[in-house]
Amino acid sequence: MRTDLILSDIHSLNRTQALDILAQIARVEKKSFPANEVMSFGEELWRKKPNTRVLYTAASGANPPVVLAYAVYVRQKGVALLHKVCVAESHRRQGVGIQLMQYIRTRLQKEGCQYIQLWVDQDRAPARALYVRSGYAEREAIADYYGPGRTGIRMVLNL
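The letter at position 119 of the sequence shown is residue 119 when you use UniProt numbering, and the numbering goes up by one with no holes.
Between beta-carbon pairs, the in silico distance windows are: (1) K31 <-> R150: 17 to 25 Å; (2) R154 <-> G112: 18 to 26 Å; (3) R133 <-> E43: 32 to 40 Å; (4) N63 <-> G149: 41 to 49 Å; (5) A59 <-> G149: 35 to 43 Å; (6) A143 <-> A62: 37 to 45 Å; (7) F33 <-> H11: 17 to 25 Å; (8) I6 <-> R133: 17 to 25 Å; (9) K110 <-> R47: 20 to 28 Å; (10) R15 <-> G149: 40 to 48 Å.
Honestly, the hints are just simulated from the structure, not real lab data.
Backbone N, C-alpha and C fix where the C-beta goes; we use that ideal spot for every residue, glycine too.
Using the sequences plus the hints, can you model the full thing?
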């Protein structure tokens with residue numbers, strides 16, 4: 001377990017800090033996902049959009065913080081949909097993703113969630129492996145979920 005990481009959410013920051021983190025997340029997002037899958041990371045996410053949380057991992061000691069990974073989830077009662085998880089390419093395979101997944105799990109357990117679900121592209125083997133290592137089970141596959149020839153896998157973690 002890495003001890004040089006900060007795990008937090010943008011909603012605990014002031015506006016200026018949150019917008020800086022969101023701008024960093026937007027840059028990582030554009031480098032990591034195809035254009036049609038890029039999510040918008042604007043100020044509206046900081047304004048405490050109901051039931052939506054943006055979490056991030058940064059290196060401790062960096063000022064301003066440098067985003068290494070992030071996640072977005074939407075919670076509805078006892079269920080959370082993990083909408084987006086990403087580790088910046090230069091920080092993959094260093095334990096950052098597994099710590100972020102553990103942080104999400106612990107946080108949602110404390111909030112009373114019963115399970116977390118997510119969808120992942122069948123061809124994204126590293127992401128699927130991270131989710132399996134984090135305790136998620138593959139529950140169903142839907143052909144063309146992400147577009148022609150791109151199968152989506154629904155994964156669930158019971159809390």
